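2 protein chains.
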Amino acid sequence: MEFSEDAAAFQRIVESRRSIRLFEKDPVPEAVIQHCLDLALLAPNSSNLQPWEFHWVRTPAKREELNRACLSQAAANTAAELIVCVARTRTWRRNCADMIRQIEELRAKGTRIPKATTDYYYKLVPFAYTQGPLSLLGFLKRIGTFFYGLARPTTREPLSHTDMKIWAIKSTALACENLMLAFRAHDFDTCPMEGIDSRRVRKLLQLPGDALVPMVLAVGKRRPAGVTLPRIRAERSWFVKIV
Amino acid sequence: MEFSEDAAAFQRIVESRRSIRLFEKDPVPEAVIQHCLDLALLAPNSSNLQPWEFHWVRTPAKREELNRACLSQAAANTAAELIVCVARTRTWRRNCADMIRQIEELRAKGTRIPKATTDYYYKLVPFAYTQGPLSLLGFLKRIGTFFYGLARPTTREPLSHTDMKIWAIKSTALACENLMLAFRAHDFDTCPMEGIDSRRVRKLLQLPGDALVPMVLAVGKRRPAGVTLPRIRAERSWFVKIV
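Same order as they appear, the protein sequences are chains A and B.
Remember, my numbering sits 53 above the position in the first sequence when you count from 1.
Remember, my numbering sits 53 above the position in the second sequence when you count from 1.
So here's chain A without its partners, still in its complex pose:
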């Protein structure tokens, strides 16, 4: 089967992306970084509540501290740039209010907005995402959902603060993948670092209590020695099931 140009380009980008543990000294142009961040922000995300943040650490003193918080691993130390990817579980109220504002603006300009959409942001989002202190409201919703769900299909999550973390991490990871692929498309490389001291990263960036750090992204131009192993994946049938 012959694939389109875009499909071939996308395959090239995905196949050539590797986690790079050693970078050349080449800088990454600011325009490239901004473009990649722009594309990250276009990722699909839960109810368009955009629970992500990207902290590009440029100040030399902070960068040095961040290297240490990344356990001084070679990927961090040699990276041209480091971007801290953050997931927030409590920015959804602000972002929901902004969605309502922008939807009402569109409506005022004559765009037809389905009633279901405005109802969704005015009523359903606050109901679905509020969990209350100690997830107590979430717990009550869980009981209600259980009984309601006996008779008919019903949405289950998020029903606790844990679910909210999973929720925020999920959308943020979708954006992180855009970010990594965007750098690859620009012929730059990344290393998504999870082996980090998230406590020190949070302190360094003065992140609020609801912030999670799914990864710190090292960015730069790959050194050949930066690829540790040939690409390894397990048996496809373990992961792809046709039912």
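Careful: at least some of the hints might be erroneous.
The list treats identical chains as one, so a pair stands whether inside a single copy or across any two.
To be verified - Mimicking DSSO-like on lysine-lysine, the simulated pairs with C-alpha atoms at most 30 Å apart in a straight line are:
id: 1; residue 1: Lys78; residue 2: Lys168
id: 2; residue 1: Lys256; residue 2: Lys115
id: 3; residue 1: Lys162; residue 2: Lys115
id: 4; residue 1: Lys274; residue 2: Lys256
id: 5; residue 1: Lys78; residue 2: Lys256
id: 6; residue 1: Lys256; residue 2: Lys162
Since the hints were derived computationally from the structure, they do not count as laboratory data.
Keep in mind the model is a prediction, meaning the values are calculated, not measured.
Put chain B on the given structure of chain A with help from the hints.
Coordinates of chain B only, in the frame set by chain A:
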């Protein structure tokens, strides 16, 4: 700034991807679906432990049940195909053993494998990812990590079953984004559905207890009416911080 061909292609793919809530009747060629799944499996993931699964539901009776578990939303009902994306927190032992097997095979064939890499899979992975019953081992590790971390930077997560869920969801979401962009690159469309009855989905696919369902992906050719709103994003400065 002039961008390369691949960067321009990637921008086209990302910008044209929208969550589509209404699909045409056109089928998606099997070769396209398999190719997109192949590219999903090349996503970066935590320690290469590949905690993902993709269940492509083709059997008509199961598909109908899955539509209902997706609350019979138009995206599900009109999609040419549905793929259930699953995150697993307990397949890492099997996948770690497979990594060791493949690394040893490479070594036997003469590839130089750094000692740190084999140590990582033989020792560090089992230590890092085992949480024990009721996360008890995780709790002990948390205490140890706290004191160890007072003096020097140290990896923090995963230290509980909740952390393991976050861990599995994160890598699976990276693959989901590859999957969605791959379909777009092939001029097909997707809708990542989270508003689903995960309980019914798990029952339908007989998923084991550790399986999470971050999303069900509707796949097909978009109808113009399938885009509900113009693309909306909040103020960039809320999400991109330069420090």
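- Query: Against the structure shown, which of the earlier numbered hints fail to hold, in ascending order?
  - Reply: Hint check: 3, 6 fail, others pass.
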